[in-house]
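Colleague: With the hints as extra help, turn the sequences into a complete structure.
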Amino acid sequence: MVDFTEEQIYRYSRHIILPEVGGTGQRKLLEARVLCLGAGGLGSPSLLYLAAAGVGNIGILDFDVVDMSNLQRQVIHNTDRIGMPKTESAKEFINKLNPDVNVTMINEKLDASNVLGIFGDYDIIIDGSDNFPTRYLVNDACVMLNKVNVHGSIFRFDGQVTVFKPKQGPCYRCLYPEPPPPGMVPSCQEAGVLGVLAGTIGTLQVVEAVKQILDIGEPLVGKLLMYNALKTEFRKLNIRRDSNCPMCGDNPTITELIDYEQFCGISA
Amino acid sequence: MATVKIRIPTPLQKITGGAGEIEGEGNDIKDVIDNLESKYSGFKERLYDEEGKLRRFINIYVNEEDIRFLDGENTRLNDGDDISVIPAIAGGAC
Numbered sequence: 669m670v671d672f673t674e675e676q677i678y679r680y681s682r683h684i685i686l687p688e689v690g691g692t693g694q695r696k697l698l699e700a701r702v703l704c705l706g707a708g709g710l711g712s713p714s715l716l717y718l719a720a721a722g723v724g725n726i727g728i729l730d731f732d733v734v735d736m737s738n739l740q741r742q743v744i745h746n747t748d749r750i751g752m753p754k755t756e757s758a759k760e761f762i763n764k765l766n767p768d769v770n771v772t773m774i775n776e777k778l779d780a781s782n783v784l785g786i787f788g789d790y791d792i793i794i795d796g797s798d799n800f801p802t803r804y805l806v807n808d809a810c811v812m813l814n815k816v817n818v819h820g821s822i823f824r825f826d827g828q829v830t831v832f833k834p835k836q837g838p839c840y841r842c843l844y845p846e847p848p849p850p851g852m853v854p855s856c857q858e859a860g861v862l863g864v865l866a867g868t869i870g871t872l873q874v875v876e877a878v879k880q881i882l883d884i885g886e887p888l889v890g891k892l893l894m895y896n897a898l899k900t901e902f903r904k905l906n907i908r909r910d911s912n913c914p915m916c917g918d919n920p921t922i923t924e925l926i927d928y929e930q931f932c933g934i935s936a
Numbered sequence: 022m023a024t025v026k027i028r029i030p031t032p033l034q035k036i037t038g039g040a041g042e043i044e045g046e047g048n049d050i051k052d053v054i055d056n057l058e059s060k061y062s063g064f065k066e067r068l069y070d071e072e073g074k075l076r077r078f079i080n081i082y083v084n085e086e087d088i089r090f091l092d093g094e095n096t097r098l099n100d101g102d103d104i105s106v107i108p109a110i111a112g113g114a115c
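Top to bottom, those sequences are chains A and B. Taking our numbering, the leading residue of the first sequence gets 669, the next gets one more, and so forth. Taking our numbering, the leading residue of the second sequence gets 22, the next gets one more, and so forth.
Bear in mind the hints are in silico, worked out from the structure with no lab data behind them. The model shown is predicted, which means the values in this text are computed figures rather than measured ones. Honestly, I wouldn't trust all of these hints.
What the hints assert, rightly or not - Keeping only pairs whose Cα atoms sit at most 20 angstroms apart, straight-line, the calculated EDC-like set for lysine to aspartate or glutamate is:
no. : chain 1 : residue 1 : chain 2 : residue 2
1   : A       : K899      : B       : E44
2   : A       : K904      : B       : D102
3   : B       : K74       : A       : D789
4   : B       : K35       : B       : E86
5   : A       : K904      : B       : E46
6   : A       : K904      : B       : E86
7   : B       : K51       : B       : D102
8   : A       : K891      : B       : D103
9   : A       : K815      : A       : D789
10  : B       : K35       : A       : E846
11  : A       : K904      : B       : D103
12  : A       : K891      : B       : D70
13  : A       : K899      : B       : E85
14  : A       : K904      : B       : E42
15  : A       : K899      : B       : D103
Modeller: Written out as structure tokens, the structure is:
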């Protein structure tokens, strides 16, 4: 065994006995550096399973505080922590679950001025953010820094998951070159979301992140996984790198980060 | 003329009277959309911008492939093809 304590061997025994993980894989997990964007609907289940799996270095970026209306789906927070910054609440949860995890709290709003500095410390970015300006900023920064972006999004009863891996597959702009204009797309604050759907999609994001860390299986690169909870239907669509993509295409036109006007789906 | 299935995403279901799946007819994508407009008024406006181009935050798939990597709106259709309209969604932490 590669430098595990006895307690660790026992804690991770169900991983270690898997030939695809083993001691070597568990060591990779303990050494991995993963950043969760948002400790909300998607971030909560992501953080829960990353921590349980023994992903050793987890960054949590969120500038919000826990609200009663979050608790329908944001399962790492609780009623006693209403009003507490989500990063702190998440850290408390993770520390109790698994002392092996080093948690870094980033109580900031992501923008063009700080994104590269923050992402630089991590191997994998799990994007559970809730708005288009952030989605595009995250995409562009990941392409620039060559970071894996595990993307998940939810709306009402629908969820989407994919892995954007620079140079090996498309980026978000290959799929959607520009964000929709404000007001064209409803937000889930306006439209609602089935709480447990966040759990389904957030945990699928962790499955993909863990596969990336362990380098096993077939990654969800170049595939968009669509889940419809009402129909109990999973579909995988092909997504391709667009040679005309403004970010990762042959002649990229976007060479610096853009702060799109902050908007949500609710018409101003 | 091919008869195809069109999957309508939640945000556009207001136009189809709440239907998530509708039937359409046409030789290619453009045809199908034109035919749908006569049945569901306002459908086209949601898919196309003022210049008559498909909106860039909406993708259309025939079976598992994005029409941008097939023949765009001229992509020929066969009976039973499965067409999906897939808009970008951003929800997560909200």
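Colleague: Each of the hints needs a verdict: does it hold here or not?
Modeller: Verification of the supplied hints:
1. Among the hinted pairs, K899 (chain A) with E44 (chain B) is consistent with the structure: their alpha-carbon atoms are about 18 angstroms apart, no more than 20 angstroms.
2. At most 20 angstroms may separate the alpha-carbon atoms for a hinted pair to count; K904 (chain A) and D102 (chain B) meet this at roughly 16 angstroms.
3. As the CA atoms of K74 (chain B) and D789 (chain A) are separated by approximately 41 angstroms, the hinted pair breaks the 20 angstroms bound.
4. Between K35 (chain B) and E86 (chain B) the CA atoms are separated by roughly 26 angstroms; this puts the pair beyond 20 angstroms, and the hint is violated.
5. For the proposed pair K904 (chain A) and E46 (chain B), the alpha carbon gap of about 25 angstroms is over 20 angstroms, so the pair is violated.
6. Our distance criterion of 20 angstroms between C-alpha atoms is met by K904 (chain A) and E86 (chain B), whose separation comes to about 10 angstroms.
7. Our distance criterion of 20 angstroms between C-alpha atoms is met by K51 (chain B) and D102 (chain B), whose separation comes to about 14 angstroms.
8. Proposed proximity of K891 (chain A) and D103 (chain B) is supported: the alpha carbons are some 17 angstroms apart, at most 20 angstroms.
9. At most 20 angstroms may separate the alpha-carbon atoms for a hinted pair to count; K815 (chain A) and D789 (chain A) meet this at roughly 10 angstroms.
10. Pair hint K35 (chain B) plus E846 (chain A) does not hold up; C-alpha atoms about 24 angstroms apart against a cutoff of 20 angstroms.
11. A threshold of 20 angstroms between alpha carbons decides the hint, and for K904 (chain A) with D103 (chain B) the separation of about 13 angstroms falls inside it, so the pair holds.
12. The suggested pairing of K891 (chain A) with D70 (chain B) is violated, with an alpha-carbon distance near 27 angstroms, which exceeds 20 angstroms.
13. Among the hinted pairs, K899 (chain A) with E85 (chain B) is consistent with the structure: their alpha-carbon atoms are about 18 angstroms apart, no more than 20 angstroms.
14. A hinted pair counts as satisfied when its Cα atoms are at most 20 angstroms apart, and K904 (chain A) with E42 (chain B) qualifies at roughly 18 angstroms.
15. With a C-alpha separation of about 16 angstroms, the suggested pairing of K899 (chain A) with D103 (chain B) holds against the 20 angstroms cut-off.
The structure is inconsistent with the numbered hints 3, 4, 5, 10, 12, although it conforms to all the rest.
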